[in-house]
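> Here is what each chain is made of, one letter per residue.
Protein chains: 2
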Amino acid sequence: MNNLTIALDAMSGDFGPRVAVPAALLALSQHPNLHIFLVGNTDEMLSYLPKKDPEQQGRITLVESKSVIDNDAKPSTAIRHSKGSSMYIALELVKCGKAKACVSAGNTGVLMGLSKLLLRPLPGIYRPALVAVLPALNQQKTVILDLGANSECDSDMLIQFAVMGAILAETTLDITHPRVALLNIGEEEAKGLDRIRAASAVLKTHERINFIGYLEGNELLTGKTDVLVCDGFVGNVTLKTVEGLLNIFLAPFKLTSKRKPWWSRLLGLWLRRSMSKTFGYLDPEQYNGACLLGLRSIVIKSHGSAGAKSFAVAIEQAIQAVEKHIPERIALSLSSALPKSENN
Amino acid sequence: MNNLTIALDAMSGDFGPRVAVPAALLALSQHPNLHIFLVGNTDEMLSYLPKKDPEQQGRITLVESKSVIDNDAKPSTAIRHSKGSSMYIALELVKCGKAKACVSAGNTGVLMGLSKLLLRPLPGIYRPALVAVLPALNQQKTVILDLGANSECDSDMLIQFAVMGAILAETTLDITHPRVALLNIGEEEAKGLDRIRAASAVLKTHERINFIGYLEGNELLTGKTDVLVCDGFVGNVTLKTVEGLLNIFLAPFKLTSKRKPWWSRLLGLWLRRSMSKTFGYLDPEQYNGACLLGLRSIVIKSHGSAGAKSFAVAIEQAIQAVEKHIPERIALSLSSALPKSENN
Chain A
1 MNNLTIALDA MSGDFGPRVA VPAALLALSQ HPNLHIFLVG NTDEMLSYLP KKDPEQQGRI
61 TLVESKSVID NDAKPSTAIR HSKGSSMYIA LELVKCGKAK ACVSAGNTGV LMGLSKLLLR
121 PLPGIYRPAL VAVLPALNQQ KTVILDLGAN SECDSDMLIQ FAVMGAILAE TTLDITHPRV
181 ALLNIGEEEA KGLDRIRAAS AVLKTHERIN FIGYLEGNEL LTGKTDVLVC DGFVGNVTLK
241 TVEGLLNIFL APFKLTSKRK PWWSRLLGLW LRRSMSKTFG YLDPEQYNGA CLLGLRSIVI
301 KSHGSAGAKS FAVAIEQAIQ AVEKHIPERI ALSLSSALPK SENN
Chain B
1 MNNLTIALDA MSGDFGPRVA VPAALLALSQ HPNLHIFLVG NTDEMLSYLP KKDPEQQGRI
61 TLVESKSVID NDAKPSTAIR HSKGSSMYIA LELVKCGKAK ACVSAGNTGV LMGLSKLLLR
121 PLPGIYRPAL VAVLPALNQQ KTVILDLGAN SECDSDMLIQ FAVMGAILAE TTLDITHPRV
181 ALLNIGEEEA KGLDRIRAAS AVLKTHERIN FIGYLEGNEL LTGKTDVLVC DGFVGNVTLK
241 TVEGLLNIFL APFKLTSKRK PWWSRLLGLW LRRSMSKTFG YLDPEQYNGA CLLGLRSIVI
301 KSHGSAGAKS FAVAIEQAIQ AVEKHIPERI ALSLSSALPK SENN
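Heads up: the sequence lines are chains A and B, in that order. If you number the first sequence the way the numbering used here does, the last residue is 344 and the count never jumps. If you number the second sequence the way the numbering used here does, the last residue is 344 and the count never jumps.
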């Protein structure tokens, strides 16, 4: 088992080091070969680090940063003033080879822009996409992209996302000839936007892609496709709609009220167990971490509001991506999957 | 109680008269003052009409149509050849004043195009929008538009949707000064698409609109806003995502397995009742029927896959819209809410 180093933007997200440091400790306890660069305000990070386990601390390196990228910042402005920020330094650690992957819960637009700038897209890729693997009915999984890295996408970008998504499904989910669909507002040929219809026309004749056509929102978690492609605006709204609804549905089964009689609490406990068995696979906490696909290195975006357990899931995604050599395998497959003119 | 006449496109939707006729009978039984024009193939419609209740049948008029608009049809082509179709005739009955509203489960794009052509938009309205009232937490309701009538919208259209949505919330939900939000991929000023930011800038200073800013997908059913505005593509995908997820969640509570032991079935029954009490308000069956807002008359679009009970809910929406004089009240409020140049 080789050593593996990850850089964490510890100041990112709604909670900064209060969540990032415990998440790092959780990941270290699960992976004896893991080393973590914690990038942020050293004093703040130290206050969340326990002193009792020096070995674990031996696998943590604190890296001081001077600033934090604001969640509300406009990407173009923020990128210009990003040098010295925790996000910039974490990405630089990947660029210079000291870390194999970067995890951040920060501003998506800035993370996308800085990653492109510092780590560069794979040859032939116009724009990296934010991708996640969603759970679906009957133990299936669906690769969905873009989830917000590119608000608007033309047909060429959608085609590239389809190619990258299919390669990801092949390499990480072990699906041979994965089904690829475009998210649309109808299943019929004439439905939707021009750019989606144009992408559909190309994907239909694409040798490497098992294109199954359009899918509508109501089929999102049904497992009818292995890869679902859409622009970043729609993907982001859709993913967040799913999360919001799941939170509404799972909330009653997570609460324990002490005011109720014992039999009601017992029934509640049984109900929660049963619900968790039926729907637990949909719990948003379990699938935190979207990968910026199409870069030469691995960058994972955690949900801004993630708690420690959920942030640790994003770190786990980074570890899996490193161990499965995702960028290398995508680069290898891309050369045959993209039209010749796109390889440079 | 005045007589009230509705025209039904009885050939529309996935099931045609098999659903539309029983839905019409259901609506007639609930409204003694209702008269319905059933437009479609007379023989087919007659086969679903029982002979035992002549009074009820006295309130049905069958109108023969020669063709049906295909669900898969491209709107521009279908509209050119729409004369004589059940949808065209149903809308014509509204145009000539014989019916007060039209209900169809047919092709959304064609329904939108034909409605604009035959019934015309209200003065100052560029494009009508498909609007629905969604249930939200704590007995709240949210008016959401556009749901698919206009795949792409510029900022002016979004502003008009905000104005029309606010008037609908005032008149039908009795909300004084309803909160209006734009659906976006972040709450911060700089997030999202240019057209959304442009609409936000105008709505912020709009005298008649209580604009509360951006809302994200995860807040859709939380009741944080009374009116939620988005383009038709995003609205349609979002609504269908909600429907799909609700179906996944509500499915286990609707099924009754006879293979299970009695105590398990009893527990299941209790569970279903309890779930229906907690989440029943979200059942998609209960909120079928989206209104084409911004026309001079009332057009309701039913879900294509609606069953008879659900189609009857869409008819009920039409009745409510007629009784509440929605187009007239919107026309009245629009003259003061839209910029002067838009009133003609």
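The reader is advised that the hints may include incorrect statements.
[Claimed, not checked] Which chain A residues stay away from chain B? Per the calculated CB distances, all over 12 angstroms, these: (1) Leu-46; (2) Ala-73; (3) Gly-186; (4) Phe-233.
[Unchecked claim] Subject to a maximum C-alpha distance of 35 angstroms in a straight line, what follows is the list of computed DSBU-like cross-link-like pairs (lysine-lysine): (5) A/Lys-116 <-> A/Lys-83; (6) B/Lys-224 <-> A/Lys-309; (7) B/Lys-52 <-> B/Lys-224; (8) A/Lys-141 <-> B/Lys-309; (9) A/Lys-224 <-> B/Lys-224; (10) A/Lys-74 <-> B/Lys-141; (11) A/Lys-98 <-> A/Lys-141; (12) A/Lys-224 <-> B/Lys-74; (13) A/Lys-141 <-> B/Lys-141; (14) B/Lys-116 <-> A/Lys-74; (15) B/Lys-52 <-> B/Lys-74.
These are computed hints drawn from the structure, not numbers from a lab. Built from N, CA and C at the ideal position, the CB exists for glycine as well.
> Against this structure, judge whether each hint is valid.
A quick look at each hint next to the structure:
Every beta carbon of chain B lies more than 12 angstroms from that of A/Leu-46, the smallest distance being close to 30 angstroms; the non-interface claim holds. A cut-off of 12 angstroms between C-beta atoms contradicts the statement that A/Ala-73 is not in contact with chain B; the least separation is 7 angstroms. Under the 12 angstroms C-beta cut-off, the non-interface status given to A/Gly-186 relative to chain B is violated; the minimum distance is some 8 angstroms. Taking the minimum C-beta to C-beta distance to chain B, about 6 angstroms, the non-interface status of A/Phe-233 is violated against the 12 angstroms cut.
Between A/Lys-116 and A/Lys-83, the direct Cα distance comes to roughly 15 angstroms. Compliance with the 35 angstroms bound is thereby established for this hinted pair. For the hint linking B/Lys-224 to A/Lys-309, the alpha-carbon distance of about 28 angstroms falls within 35 angstroms, and the restraint holds. Restraint check: the Cα-Cα separation between B/Lys-52 and B/Lys-224 comes to about 49 angstroms, which exceeds 35 angstroms; the hinted pair is violated. The hinted pair formed by A/Lys-141 and B/Lys-309 meets the criterion: a straight-line CA distance of about 34 angstroms does not exceed 35 angstroms.
Only pairs whose Cα atoms come within 35 angstroms are accepted, and A/Lys-224 paired with B/Lys-224 is accepted, the gap being roughly 33 angstroms. Annotation: proposed proximity of A/Lys-74 to B/Lys-141 holds, straight-line Cα distance about 33 angstroms (limit 35 angstroms). For a cut-off of 35 angstroms, the pair hint linking A/Lys-98 to A/Lys-141 stands: about 33 angstroms separates their Cα positions. With a C-alpha separation of about 25 angstroms, the suggested pair A/Lys-224 and B/Lys-74 falls inside the 35 angstroms cut-off, and the hint holds.
Distance check on the hinted pair: A/Lys-141 and B/Lys-141 sit about 33 angstroms apart at the alpha-carbon level, within 35 angstroms; holds. Between B/Lys-116 and A/Lys-74 the alpha-carbon distance is near 40 angstroms, which puts this suggested pair outside the 35 angstroms criterion. Only pairs whose Cα atoms come within 35 angstroms are accepted, and B/Lys-52 paired with B/Lys-74 is rejected, the gap being roughly 41 angstroms.
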